[in-house]
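Engineer: The chain contents come next:
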Amino acid sequence: MGDEAKTIARGLQKRDPDLLDRLIEQYQYRLFRYLVYVTGNKERAEDFFQETWIRVLERGHQYDGKSKFEAWLFAIARHLVIDWQRSKKPQSLDTLTDPEQEHPLQLVNEKEPSPLHQVLSQENEETVQASLQKIPAIYREVLVLRFQEELQIDEMAGVLSVPLSTVKSRLYRGLEALRGALQGGAA
Amino acid sequence: MNQESHACAKQLVAQELVEGLSQAEHDWLTAHMQDCMRCAELARQTDEALRGLRTAAIPLPHGLASRTQFRVRLRAQELREREPKRRALWLACAALFAAAVLLMENSRKGDQPDWMSQGS
Chain A
1 MGDEAKTIAR
11 GLQKRDPDLL
21 DRLIEQYQYR
31 LFRYLVYVTG
41 NKERAEDFFQ
51 ETWIRVLERG
61 HQYDGKSKFE
71 AWLFAIARHL
81 VIDWQRSKKP
91 QSLDTLTDPE
101 QEHPLQLVNE
111 KEPSPLHQVL
121 SQENEETVQA
131 SLQKIPAIYR
141 EVLVLRFQEE
151 LQIDEMAGVL
161 SVPLSTVKSR
171 LYRGLEALRG
181 ALQGGAA
Chain B
1001 MNQESHACAK
1011 QLVAQELVEG
1021 LSQAEHDWLT
1031 AHMQDCMRCA
1041 ELARQTDEAL
1051 RGLRTAAIPL
1061 PHGLASRTQF
1071 RVRLRAQELR
1081 EREPKRRALW
1091 LACAALFAAA
1101 VLLMENSRKG
1111 DQPDWMSQGS
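Protein sequence lines, in the order shown, are assigned to chains A and B. All residue numbers for the first sequence refer to our numbering, where the first residue is 1 and numbers rise by one. All residue numbers for the second sequence refer to our numbering, where the first residue is 1001 and numbers rise by one.
If you are wondering where the hints come from, they were derived from the structure by calculation, not from laboratory data. Treat the hints with care, as some may be off.
Derived DEER-like restraints, expressed as beta-carbon distance ranges [as the list claims (entries may be wrong)]:
1. B:Ala1088 / A:Asp154: 36 to 46 Å
2. B:Ala1095 / A:Thr7: 49 to 59 Å
3. B:Ala1099 / A:Glu4: 41 to 51 Å
C-beta atoms are modelled at their ideal positions from N, C-alpha and C, and glycine is treated no differently.
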């Protein structure tokens, strides 16, 4: 990994406040966008955004600079969301992360108008955006990590704590779901 | 063109995005899509959907970064203030442990029968 990751790792070891300020500025948009897609809710994403950076401060010594900082950051954010979801509704971690489960990580109540849709439609009312909110969060998440954040499959496996084969199968299912949602939207 | 070749093309369109294609697979897919409007449309729709995902604009809440920076700095200060107390606690625990070990060692030696201390 590059010098940048090593510099970040050293700064986080020392809890360097200036470095943290810079990282918050630099990654604010990407982290917030990821959290909006994962939680489906802007207000909740805002809370998780702040909690994620507090966790980065507290656990910064665990980042070794061998992987991309953003992959580690997303993994922290994701764990916070899963912990919160688990405390809200007792389930095993397998239930939350197993792609065969119906709508795992789906935090929004599907009977209510999706806050994600509201967030997206404020800026962009294209069919694609409307289709995204129809996809189960677990698939939306891999599409976001791969095609928006441009993480490699192995980096995604690190973020999601799953094997490479699971990442690939979720991506295939996610693409299938996206197509299905698009065709459904067009019909 | 049969159903099987359409299914294969659909699979390759996804595979190209996930894992990439070999040259032979790429050539086959290109040739297939030149003749098949349905599969070409599917590939176009998928590309368009992903482009939409890449360009999706989500507005950042006003002042989110500065509020977070403030909270992080407060927490950092809290942790710094706790650090000397924690260090002192660890030192006290270590000293207590060492004292306990010494005491036990001394009392063990004191309990030894005469023949043991004579032998050593």
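Engineer: Kindly indicate which numbered hints from before are broken by the structure, ordering the numbers from low to high.
Structural biologist: Violated: hint 2 alone.
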